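Engineer: Given chain A, work out where chains B, C and D should sit, using these hints.
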Amino acid sequence: MKAAERIRRQARLLSLSEAVAEYVRDGDVVAMEGFTHLIPFAAGHEVIRQGKRDLTLVRMTPDLIYDQLIGMGCARKLIFSWGGNPGVGSLHRFRDAVEHGWPRPLDLEEHSHAGMAQAYAAGAAGLPCAILRGYQGTDLARVNPNVRFIDCPFTGERLAAIPALRPDVAVIHAQRADRRGNVLIEGIVGVQKEVVLAAARAVVTVEEVVDDLRASGPNAVVLPSWTVDAIVEAPGGARPSYAHGYYGRDNAFYTAWDGISRDREAFLAWMREHVLRSGGGVRVPGSA
Amino acid sequence: MKAAERIRRQARLLSLSEAVAEYVRDGDVVAMEGFTHLIPFAAGHEVIRQGKRDLTLVRMTPDLIYDQLIGMGCARKLIFSWGGNPGVGSLHRFRDAVEHGWPRPLDLEEHSHAGMAQAYAAGAAGLPCAILRGYQGTDLARVNPNVRFIDCPFTGERLAAIPALRPDVAVIHAQRADRRGNVLIEGIVGVQKEVVLAAARAVVTVEEVVDDLRASGPNAVVLPSWTVDAIVEAPGGARPSYAHGYYGRDNAFYTAWDGISRDREAFLAWMREHVLRSGGGVRVPGSA
Amino acid sequence: MGAVADCSPSEMMIVAAARALSNDDVCFVGIGLPSAACNLARLTHAPEVTLIYESGTIETRPHVLPLSIGDPELCQTALTTVPVPEMFAYWLQGGRITVGFLAAAQIDRFGNINTTVIGSYGRPTVRLPGAGGAPEIASHCRQVFVIVSQTPRTFVPQVDFITSFGHGTGGDHRQRLGIRTAGPTLVVTDLAVLRPDPETRELVVTSLHPGVRREEVAAQTGWPVRFAPTVEETPPPSAHELAVLRDLVARSTPAAAPS
Amino acid sequence: MGAVADCSPSEMMIVAAARALSNDDVCFVGIGLPSAACNLARLTHAPEVTLIYESGTIETRPHVLPLSIGDPELCQTALTTVPVPEMFAYWLQGGRITVGFLAAAQIDRFGNINTTVIGSYGRPTVRLPGAGGAPEIASHCRQVFVIVSQTPRTFVPQVDFITSFGHGTGGDHRQRLGIRTAGPTLVVTDLAVLRPDPETRELVVTSLHPGVRREEVAAQTGWPVRFAPTVEETPPPSAHELAVLRDLVARSTPAAAPS
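If you read the protein sequences in the order shown, they are chains A, B, C and D. Taking my numbering, the leading residue of the first sequence gets 87, the next gets one more, and so forth. Taking my numbering, the leading residue of the second sequence gets 87, the next gets one more, and so forth. Taking my numbering, the leading residue of the third sequence gets 26, the next gets one more, and so forth. Taking my numbering, the leading residue of the fourth sequence gets 26, the next gets one more, and so forth.
Just chain A, same shape as in the assembly (with noise of 0.2 Å):
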């Protein structure tokens, strides 16, 4: 009868401080989440202020919140199928780990985003593997050994198959909570399903923290509070990036990220000043 402990999560209304110091783990494999919207900077900086260590961190779209983990040395490896500024350019600090080894080196494993997204699929799916029609001609079949093919048992079409993957810890941000636990995900929803569904822990932060979801209609995408560990109420917790119905991407930082990240020691300077001093973790330059 007590099987149910054993899968059953309940979620807990934590601080940001308390949940990251409680589920992220030196060592772990941490997905953070959310595809352009919805990315959970909050928990990102919050990460970086525990200064946790050895990270192999997983995310499709590295985006700025891994470039500042990268920068700050918290990684050891990178999971990952597209790592660009968005309309940008490069993610120079992912690039100066990968290129010059700072300020350590990064391992990476690369997919594309099809097959990583099939990958989430099969982690939430209890499956060892996802297979797809994928990667035909690449490269990356080449230089990634965790791409493989298979022959269809029906017509003998060759499929490609990639592991599930299954992150230790799932970090995402969610527009909205009800006090039972139970997350509201709406707009751009990516990939957060899965990867909370995917993963052995779940910390979710939240715009708000309300009595009523307030789900739009019967199939709302709403995560059960048996299904994430923590929820933390984080106000504008996806900044720069944005949250659907709250606030708006700002584009303006994402520019202006190139000039910050290109070289180490503004990097640097930038991350003491607004990240490293700061409490909340959710304070970030034009996000006013």
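No lab work stands behind these hints, which were simulated from the structure alone. Given the structure is predicted, the values throughout are model-derived calculations rather than measurements. In this text, a Cβ means the ideal position worked out from N, Cα and C, and glycines have one as well. One or more hints might be untrue.
[Claimed, not checked] Have a look at the derived ranges for each label pair, beta carbon to beta carbon: (1) A:232 / C:263: 53 to 59 Å; (2) C:151 / B:98: 18 to 24 Å; (3) B:98 / C:194: 53 to 59 Å.
[Said to hold, decoys possible] Computed far set for chain A versus chain C, every beta-carbon distance over 10 Å: (4) 186; (5) 280; (6) 338.
Structural biologist: Structure of chains B, C and D alone, referenced to chain A:
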């Protein structure tokens, strides 16, 4: 540049008889889906009235709609995963066909819900097969040659594989379509999106055609007009099943069907009275 | 004995089954008797039990018993409703369910369940509805509870067709097939409670309902049924359990209410 | 020639690319130049073109050019927004897209695209962003259009890394890999339009933008580029095309607007 024409559909607003005459053909593999909710009875009755023959009927839960099609001799084969009258008992016309070959023998391809749902998803996803952890130890795998097993190329775990379902034509019922032909489905959405995307042709009956789809939120289940061939306005077209937001399930009729369908003559008399002689095809007892 | 006298064997069965659920359970609910037992639990000692129906309705709180697995009541009272492929992939196969609650047409001494055919598959004497979600419910839920009336027709030495794999031929058969879950750990009937022997996994009687004698159970079982070293007596339904069950049945469609 | 004189090569490139789309197309849109071209098409001759971005936004009609693939504008103006795994499985891999519109860091004479590394993968001189959706866009869309500025650095004999497979080593290489789609059928640059030779699949110049000479194109191509038997002159942007493009750029974030 004309590649478009081969894969892009454009929904046309047709009458029920026009849509069935044009898109449902003798010998077709036909999937009329709707998981308890939004079962396309009006369309099924029109298929019977037009005397379609040699159909391979595909449906997770054959329900009364396929009991009627089977009893009227439209089907030569059934691909399914649960063939009962929900909460009531047997589908007597289905049983009569399987047990006594009346009115004609019925070939069976039988799956579990999990297998069949993933087979539809694989069809929608353009994959030749679906993989799942399923069928372990069951006799279904013994009697169905379309259940095979593969080994995960990473863990070696044995996984079941099923061929993708790709019907010739999908028929579903939905709440609304707008005048461009975009379709909204709400409530228990079942496998309707999957079957429409998996099928070569798609017919959608709706409660009403409206100017504004009134989708609830950005993530509502919507089928774009270019994924559908025909839209048919058929109010009440899901009775005696139901349409969330429009009318409830006629549980009394589902219960009464047990008596109506038990006897061949009583069944035929009912079909003559309520389906064959009915124009609109949406008149079902107890649905007042 | 008062409470017993005026409760039916079916009521005793549903009450005994309901008691096996706790607030910590996430339960995948079959239609009919399982649905009655699960909602009775929710309306009595386990108000926080999470009920999921394969139609995609998650954390549903029906006011009346549904006739079908997808009645409007289930969606209207659910926390959320997901597509059916997601339900089976992310929620069931994903290993998020603690208890699968099933009925059966036939169950054998090792807890294998048949809902497909009586007789041979090719030429069945009775064609039953088939598998539905049961095969994967039986393999993916941490444990499986079965609720079924006990007769020699339903309790057979070996099922005609294994729709849902229980303990196979017993022992470690599940593990040998790579199945990681416990399988049937509890079978509640209108006469008794049976559980698998820890070693052989054969279903043995661990509790008799009030007023039921061993001979009756033996007579209603298609194999020489064994009894646990200590056989308990099932506590009779409390007045409260009975009242809640009868209210629930009374406000549900006759067809949906177990007789 | 008037229109040409006061339009930039970049504007000519975007206009020429936009013209390749029709109302019948369902287009999977890359960010940057492809997004500018696709929305120009939608705002001029192809108001019914269906635009899809990999963030899950289907049939979107942004009023301004998005900076990222998931800007709020895209979701707010979309018919519907689906999860990312569904986007890649049901919509892209499902074969529902007629045109994939891509940019490139390097493209070679057979239309293979590199957005991963300059130099060796293990020790790159420049680490580029990587694949994103491009590998499967290149294999699943019925055809692929590429828009890229033409320089010897971008137009190389052979890409350092095949991120997205074009025509491989030419001929029937795609078919030999079991890829059923046409691959790159059109490459639009700031100087010219190139298309694959029907036999060899080598990219050849089929149209020169107004005022561009063959020598300039040859000088900006990293291999001895060939010209089609008849090379046309790209019709210059109309006043309307130019006005709409400049309005679109003017109302978009500077960073999102191609210079």
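Engineer: Could you run down the list of hints and mark each one as holding or not?
Structural biologist: Tested hints:
About 57 Å separates the C-beta atoms of residue 232 (chain A) and residue 263 (chain C), a value consistent with the hinted range of 53 to 59 Å. For the pair residue 151 (chain C) and residue 98 (chain B), the beta carbons lie near 46 Å from each other, so the given range of 18 to 24 Å is not met. With their beta carbons about 58 Å apart, residue 98 (chain B) and residue 194 (chain C) fall inside the hinted range of 53 to 59 Å. Listed as outside the interface, residue 186 (chain A) is consistent with that label: its C-beta sits roughly 41 Å from the nearest C-beta of chain C, beyond the 10 Å cut-off.
Consistency note on residue 280 (chain A): stated as away from chain C, yet its beta-carbon is not over 10 Å from all of that chain's, at 8 Å minimum. The Cβ of residue 338 (chain A) lies farther than 10 Å from every Cβ of chain C, with a closest approach of about 36 Å, so its non-interface assignment holds.
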